[in-house]
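**Q** These are the residues of each chain, in order.
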Amino acid sequence: QKEVEQDPGPLSVPEGAIVSLNCTYSNSAFQYFMWYRQYSRKGPELLMYTYSSGNKEDGRFTAQVDKSSKYISLFIRDSQPSDSATYLCAMPHGGSQGNLIFGKGTKLSVKP
Amino acid sequence: DVKVTQSSRYLVKRTGEKVFLECVQDMDHENMFWYRQDPGLGLRLIYFSYDVKMKEKGDIPEGYSVSREKKERFSLILESASTNQTSMYLCASSVAGTANTIYFGEGSWLTVV
Numbered sequence: 002q003k004e005v006e007q008d009p010g011p012l013s014v015p016e017g018a019i020v021s022l023n024c025t026y027s028n029s030a031f032q033y034f035m036w037y038r039q040y041s042r043k044g045p046e047l048l049m050y051t052y053s054s055g056n057k058e059d060g061r062f063t064a065q066v067d068k069s070s071k072y073i074s075l076f077i078r079d080s081q082p083s084d085s086a087t088y089l090c091a092m093p094h095g096g097s098q099g100n101l102i103f104g105k106g107t108k109l110s111v112k113p
Numbered sequence: 216d217v218k219v220t221q222s223s224r225y226l227v228k229r230t231g232e233k234v235f236l237e238c239v240q241d242m243d244h245e246n247m248f249w250y251r252q253d254p255g256l257g258l259r260l261i262y263f264s265y266d267v268k269m270k271e272k273g274d275i276p277e278g279y280s281v282s283r284e285k286k287e288r289f290s291l292i293l294e295s296a297s298t299n300q301t302s303m304y305l306c307a308s309s310v311a312g313t314a315n316t317i318y319f320g321e322g323s324w325l326t327v328v
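Heads up: the sequence lines are chains A and B, in that order.
Residues 2 to 113 (the numbering used here) make up the first sequence, in order.
Residues 216 to 328 (the numbering used here) make up the second sequence, in order.
If we strip away everything but chain B, and leave its shape as in the complex, we get (with noise of 0.2 Å):
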């Protein structure tokens, strides 16, 4: 069964401060995503990365920074947090080359306050 698992599942950080959300995925997955979901404006991509150390600008990076170290494990960083970063957050994982593989991990919920 595939897990992306997500650690933590609900946040509050303060303004200013740094965040750091991450995604494990257990199905040796080369591709992994981040993506926020707001109500009114759906699931946006942040970043993706196809392999390890790499990293690909979504449609709304700004203010976040990502991490790939090792091929199971993606982290999105949220420098300096700020009251518009309040989002459920969520990853997902994929294989290499296809378009009807992606898994979505449960979710993180963050408020900045």
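Same shape as in the complex, but just chain A (with noise of 0.2 Å):
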């Protein structure tokens, strides 16, 4: 079992519905969790970050974590052609020095 699994889509959406996007984990020591969005032929950006489990709002974006289930979400509320981008889940890998192992992404389209 990999470390960290992540559906690649696509995802397409019409603008303004709820996205639900997801990772599961297969290590317990896992206590940070980081939601990175990607456009295309750019470097990944930090979107949200949460420390063990529960949720994290930020304007329109929701990130849950379920470490019972080893399971982390990113829900997008009132999606935007400007949210169309890949998105990666990431953990850190060996401690809390920072170097990440990520899933291998979820791809969004969100259609006006």
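Among these hints, one or two may not hold up.
Stated by the list, open to error - With a straight-line cut-off of 30 Å between C-alpha atoms, the simulated DSS-like cross-links for lysine-lysine are:
1) B:Lys218 with A:Lys57
2) B:Lys270 with A:Lys43
3) B:Lys233 with B:Lys285
4) B:Lys268 with B:Lys233
5) A:Lys43 with B:Lys233
6) B:Lys218 with A:Lys108
7) A:Lys43 with B:Lys268
8) A:Lys43 with B:Lys286
9) A:Lys108 with A:Lys57
10) A:Lys112 with A:Lys57
11) B:Lys218 with B:Lys286
12) B:Lys285 with A:Lys43
13) B:Lys272 with A:Lys3
14) B:Lys228 with A:Lys43
15) B:Lys218 with A:Lys43
16) B:Lys270 with A:Lys3
17) A:Lys71 with B:Lys228
18) B:Lys270 with B:Lys228
19) B:Lys286 with A:Lys71
Unchecked claim - Some, not all, of what chain B presents toward chain A, calculated at C-beta under 10 Å:
20) Val219
21) Asn246
22) Phe248
23) Gly255
24) Leu256
25) Pro276
26) Gly278
27) Leu305
To be verified - The following residues of chain A were derived to be distant from chain B, with all beta-carbon distances above 12 Å:
28) Thr25
29) Ser27
30) Thr63
31) Lys68
The hints are simulated quantities; they were obtained by calculation from the structure and are not laboratory data.
Note that CB positions come from ideal geometry on N, CA and C, so glycine has one too.
Join these two chains into a complex; the hints should help.
**A** Pasting the structure below:
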């Protein structure tokens, strides 16, 4: 089993839809969970991070962590065409020094 | 504003050439990283560095080396480029001891012919 699994999509939704992006992981020691957004031909940019379980909200984005199920989610409300990008989940690999292990990314397209 | 700059965005090199990819960060970050990103494989860590002149192998170091002579600069070296090293290379930096402040550059697209 891979350490981090993420459905690559692609996922296509109409503008205004609620989007749910998900990752599962196998290492119960993971405590930090990040979501990156990557536009085409650009580097990933940090979107949200959470520590341990629970929810974190930032504008239209909500990150959710369920450590008992080893499952994390990113919800996007009122999705916009500008949200069209690849979304990558990431977790620190080998402690808190910051070298991350990434999911393979889910490509999202929001249609006007 | 955090800035990680990769000087070369698009490169085409010949098989066997020595290739240098340069990365500079302006946030005084201790940690620097080199990843490569390939379709279907995602991001994979090549090398990272916690301090000047220090380096650690990542998951796929074969065929690569790195150099960190100054805190702000981290170079990736392909000693003898091969076609299977055609990829997007991403440099990143972060504050020491943190897992939530990794910032990436724009990427360098390398094609080896």
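**Q** Does the closest beta carbon of chain A sit nearer than 10 Å to the beta carbon of B:Gly255?
**A** holds, 7 Å
**Q** Is the straight-line distance between the alpha-carbon of A:Lys112 and that of A:Lys57 30 Å or less?
**A** holds, 26 Å
**Q** At a threshold of 10 Å, is the proposed contact between B:Leu305 and chain A supported by beta-carbon distances?
**A** holds, 6 Å
**Q** Examine each Cβ of chain B, and state whether all of them lie more than 12 Å from the Cβ of A:Ser27.
**A** holds, 16 Å
**Q** Per the stated criterion, does the least C-beta distance between A:Thr63 and chain B lie above 12 Å, as a non-interface residue requires?
**A** holds, 17 Å
**Q** Sort out whether B:Lys286 lies within 30 Å of B:Lys218, counting only the CA atoms.
**A** holds, 14 Å
**Q** Taken at face value, is the distance from the CA of A:Lys43 to the CA of B:Lys218 at most 30 Å?
**A** Judged against 30 Å, a Cα distance of about 14 Å means the pair holds.
**Q** Within 30 Å, alpha carbon to alpha carbon, are B:Lys270 and B:Lys228?
**A** holds, 26 Å
**Q** Could you check that no beta carbon of chain B comes within 12 Å of the beta carbon of A:Thr25?
**A** With a cut-off of 12 Å, A:Thr25 remains clear of chain B, as the shortest Cβ separation is near 15 Å.
**Q** Using Cβ atoms only, decide whether B:Pro276 comes closer than 10 Å to chain A, and label the hint accordingly.
**A** This hint is violated: B:Pro276 lies away from chain A, its Cβ roughly 13 Å from the closest one there, beyond 10 Å.
**Q** If I take the minimum Cβ distance from A:Lys68 to any residue of chain B, is it greater than 12 Å?
**A** holds, 16 Å
**Q** Taken at face value, is the distance from the CA of B:Lys268 to the CA of A:Lys43 at most 30 Å?
**A** Cα-Cα ~28 Å, so holds.
Violated hints, listed in ascending order, are 17, 19, 25, 26; each of the other numbered hints is respected by the structure.
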